[in-house]
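Asks: Residues per chain, in single letters:
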Amino acid sequence: MLQRLRENKSAQGTLLALPTTVWLFILLIIPLVLTLIVSFGKRSPDGDVIYTFTLDNYIRLFGYSTDCTNGQTSCFDPLYVNILWRSLTLGFNTTVIVILLAYPLAYFIARADPKRRNLFLFMVLIPLWTNFVIRVYAWMMLLRKEGAINIVIGWIANLLHIPFTPLEMLYTPGAVLVGMVYEFLPFMILPIYTSLEKIDGSLYEAAADLGANAFKTFLRVTLPLSMPGVVAGTILVFIPVMGTFVVSDLLGGKQVILVGNLIQRQFLDARDPTFGSAASLVLMVMTLIVTYFYTRKFGFGDEIVAA
Amino acid sequence: MSTEFAVELRDVVKKFVTPEGHELNAVDHVTMQIKNGEFFSMLGSSGCGKTTSLRMIAGFEWPSEGEVYIEGKAMGHTPPFQRKVNTVFQSYALFQHMTIFQNVAFGLEMEGVKEDEIKKRVGRALEMVQLSGMERRKPRQLSGGQQQRVALARSLVKTPSVLLLDEPLGALDLKLRKEMQLELKSLQQQLGITFIYVTHDQEEALTMSDRIAVMSKGKVQQMGTPVEIYERPANKFVADFIGESNFLEGKLKSISGNEAVVFVPILNAEVTGMPMAKDLVNGSDVTVAIRPEKIRVVENQSGAGVFKAKVGTSVYIGSDTHLYFDLNGTRLKVMEQNRISSLDPSTFYVKDEEVLFTFPPENTLILKKD
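Chain order of the listed sequences is A and B.
To convert a position in the first sequence, counted from 1, into the working numbering, add 4.
To convert a position in the second sequence, counted from 1, into the working numbering, add 259.
To be clear, the hints were calculated from the coordinates, so they are not data collected in a lab.
All values derive from a computational prediction rather than experimental measurement.
Ideal Cβ positions, reconstructed from N, Cα and C, are used throughout, including at glycine.
Don't take every hint at face value.
Stated by the list, open to error - Below, a list of computed lysine to aspartate or glutamate pairs in the DMTMM-like style, where the Cα atoms sit at most 20 Å apart: (1) Lys343(B) - Glu209(A); (2) Lys397(B) - Asp204(A); (3) Lys495(B) - Asp544(B); (4) Lys537(B) - Glu490(B); (5) Lys510(B) - Asp544(B); (6) Lys119(A) - Glu279(B); (7) Lys220(A) - Glu621(B); (8) Lys553(B) - Glu508(B); (9) Lys220(A) - Glu518(B); (10) Lys567(B) - Glu529(B); (11) Lys553(B) - Glu518(B); (12) Lys628(B) - Asp544(B); (13) Lys510(B) - Glu326(B); (14) Lys495(B) - Asp460(B); (15) Lys444(B) - Asp432(B); (16) Lys220(A) - Glu370(B); (17) Lys294(B) - Glu326(B); (18) Lys444(B) - Glu426(B).
As the list claims (entries may be wrong) - Going by beta-carbon spacing under 7 Å, a handful of chain B positions derived as facing chain A: (19) Gly335; (20) His336; (21) Pro339; (22) Thr346; (23) Ser350; (24) Glu370; (25) Gly371.
Whole structure, please, built from the sequences with the hints as guidance.
Replies: Take a look at the structure:
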């Protein structure tokens, strides 16, 4: 038996892949299929799932409503479409800002003295040692009306004898954006750093040798060669931003509801798992479509493994 | 200002600080004058300062002291992209994200050359290195030798006045390397561009160069044509580094004109008719250098200039046989060409067999003992 296994390479491969396959099957495939089944069901009055086949949940999600104010039997209600759109634009904005902040820092670290690089990387990673939720809470302390930022500004205004009413920063879309950018910055810095660090130094010299100044070298050599890192970072940032609900819950309050919040509320508060399932699947498909077209255009980030 | 020299290094020093914190002269007061259209090699083992010297010409490093001149102009801190020299890197340093065409076109684009002109010149450059038709491939899709040619084309397309080559053939296998050596040499002659070539391979340097600078410990040990360097090494280092030499201790007995008599204790003989070297006086201790191929095994001879030794090992390498003689405890290397094809064991050398050998004294060298 063992002897035969030793000779059979494909059996070895199957055996090695078995634990992962079982794991994925139980924890990914089955739940996905269940979600799909539930999303086609109906909610019973007491919050249970009635298994049937109806597209009602999806129709509702995309704006079909029977609860109309203008007296008609059906109308377009943009509530959920707005939530989907808000999530998409927030995901986009967060990713763009994170790239703009992370790239210069990653570039700086990659070009720093090798002895100090590890220290810088360590500093990038330190915040990740603290729990995600606690870090978001810290932002609440900073942003709220009696928070640190308002106190400091108020104190300066007082010194300059300028009248000051504390800024309303918490529970705004801006607060959610700041929180998201903060949370996901390291996931962009690391892959960009990895791809920059891998660029052979002689390429910079070759570019200079062939007549390119520092700016042209960056544009024509450094940037294209670090694109895999940017792509990997984008995937690592965009997908979670689309789905997370903690940041928007704590920093956005009721003002900034994202798909993540919608799904969470359907399962917990509204007790409508069928609608929640439909929203989950729509989010997944939306993310897949964006990621698909993005990677088609820029290739798949090789750095995703290294990161 | 004279522009007889394509590149000139005047008393150039490059200091580095070692990881232990010591200051080190990687290049130690080097002066070199490289003529227009010359194939000039810097030869030495790693750490001898040859690559650092090249990098200072390219502008990747700046001298700590002294000055680099290109076409008579002092370079100072001129950045690489403003120098009229181009480099072929040891690692080729090709842009992996660009096609072969884009790689070669890069330097012309930086100059602002017009698009149709770029097309023409890139086409010509690729033709020159026999890579026409590969324009749309990526570097990764080419063999090592082909990548090397792309690197060459990328530099040559800019028609530099000086081309710097940093061990460009180091990564190729022996056969390809030999082919490329001849190709590079004929390319250089055809284009009339000055080549400055860095290598640790003495055969490569001897094959291609008009002149060679042999370097060691940051200093130029000798500068000259391949023949000068091989036949008249300036010191023991060069005699040992270029080709092989047997070194025998001796004492200078007398000088008459250009000829000297040296007593060599290990041969227990006075060798007459040796070519005289400069700066030596009667009675001084000297080292006699004899090339292995200048020694001849003889039979049934005796008299002055014929010496006895025992065969230590003999190594058959096809074209030659390398013999190691035991000369009263000192090893003597002898190279014999296998002129006669024979399988007869009686013609083979046997260990501990006694042999007689001789060497023409005019083909030896007297060096100052160090």
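Asks: Next, verify each hint and record whether it holds.
Replies: Evaluated hints:
1. Lys343(B) - Glu209(A): Satisfied, since the Cα-Cα distance of roughly 15 Å is no more than 20 Å.
2. Lys397(B) - Asp204(A): Distance ~17 Å between Lys397(B) and Asp204(A) Cα, so the pair holds.
3. Lys495(B) - Asp544(B): 14 Å, holds
4. Lys537(B) - Glu490(B): 16 Å, holds
5. Lys510(B) - Asp544(B): Holds, at roughly 5 Å.
6. Lys119(A) - Glu279(B): 14 Å, holds
7. Lys220(A) - Glu621(B): 61 Å, violated
8. Lys553(B) - Glu508(B): Judged against 20 Å, a Cα distance of about 18 Å means the pair holds.
9. Lys220(A) - Glu518(B): 64 Å, violated
10. Lys567(B) - Glu529(B): Roughly 15 Å separates the two Cα atoms, so the pair holds.
11. Lys553(B) - Glu518(B): 19 Å, holds
12. Lys628(B) - Asp544(B): Holds, at roughly 6 Å.
13. Lys510(B) - Glu326(B): Violated, because 42 Å separates the two Cα atoms, which is more than 20 Å.
14. Lys495(B) - Asp460(B): The given pair, whose Cα atoms are some 18 Å apart, holds under the 20 Å limit.
15. Lys444(B) - Asp432(B): With a Cα-Cα distance of about 18 Å, the restraint between Lys444(B) and Asp432(B) holds, given a limit of 20 Å.
16. Lys220(A) - Glu370(B): 12 Å, holds
17. Lys294(B) - Glu326(B): Judged against 20 Å, a Cα distance of about 17 Å means the pair holds.
18. Lys444(B) - Glu426(B): 14 Å, holds
19. Gly335: 16 Å, violated
20. His336: 13 Å, violated
21. Pro339: 4 Å, holds
22. Thr346: 5 Å, holds
23. Ser350: 5 Å, holds
24. Glu370: With a closest approach of 6 Å, the Glu370(B) hint holds.
25. Gly371: Gly371(B) check fails; min Cβ-Cβ to chain A is 9 Å, beyond 7 Å.
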